[in-house]
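K.L.:
Work out the full structure: start from the sequences and follow the hints.
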Amino acid sequence: MEWAWIPITIWAAACQTVRTGLQKQLKGRLSTNGASFVRFAYGLPLAVVYLVACLWFTGKPLPGTHLEFYAWTAMGGVAQILATNLLILALSMRNFVVATAYSKTEALQAAAFGMLILAEPVSAYGVAAIVIGTIGVLLISLKGSDNLMTAFLFGWMEKSALIGIGSGALFAVSAIGFRAASLSLDEDILPLAAATTLVHAIVLQIGLMLAYLLWREPGELRRVIAAWRPGLVVGLTSAAGSAGWFTAMALMTAAYVRMLGMTEMVFTFLMSYLVFREKPSRAEIIGVVVLVGGILLGLAVRK
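Per our numbering, the sequence shown starts with residue 15, numbered consecutively.
In short, the hints are calculated from the structure, not lab data.
Where a beta carbon is used, it is the ideal one built from N, C-alpha and C, also for glycine.
There could be a bad hint or two in this list.
[To be verified] Pairwise CB distance ranges (calculated): (1) 80 to 173: 37 to 45 Å; (2) 42 to 224: 19 to 27 Å; (3) 173 to 296: 24 to 32 Å; (4) 59 to 235: 17 to 25 Å; (5) 300 to 80: 47 to 55 Å.
P.N.:
Right, here's the structure in full:
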């Protein structure tokens, strides 16, 4: 199981790329909160199937929950809702690759939060690899800039970039919360612990967002139901990706999972070119190469 987190993370990153692209299209039909709610509401059935499958294959009972578990799950769940909302907002402000790029600073932030909250150290080489990967991500975000150096040094000060960075920070907090929740169950079969956390988190998120939409955007629920076809695809890819993220983060430190999760930018780059027909720039191509180099270095020096 030592290396199982690697293909699981790559799977999760691929699913998240598809889900983010679909949510970008849903943003034109739904509000930011409605597009965010879709991923949870339509993703719950698959999450339950994953949990039932884990219970069936392991032959074990559902892990017992406790207050600490619910506290960590709530922290992760609320942070993920806010992070998703910010990412959808960022997607409506700049192109598909740029918006996702700034959110990928979450790998660095996950390393910092992991050390502060869970006391999980990351080696100096690991930090260097994450920094290199992040530089690659930021190079990808320079598409369309007239002055590449100025954009690289000061582009993070733009409103859309700050929103993306904020999204990354909240995704990092959610990663730490969900990892801590899974580990708090003291379950030997970590995929089962991850599946348990996933279902509890989605149920909590649905409850919170449903209450908010009924209070602030009651008409949005009708639009969410009307958009059930694309919503179902978003929910399924979201749940499949979340199952991967939760399982990988139960097996490995969140910082390394999020580092490898930056492969999402490679998938995003390909989707941008193949699906949205956005012509890649030289900076994007260099960025992808640097990003892949950072990820490979991180895998090689991981401790």
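K.L.:
Which of the numbered hints above does this structure break?
P.N.:
Going through the list in order, the structure violates no hint and respects every one.
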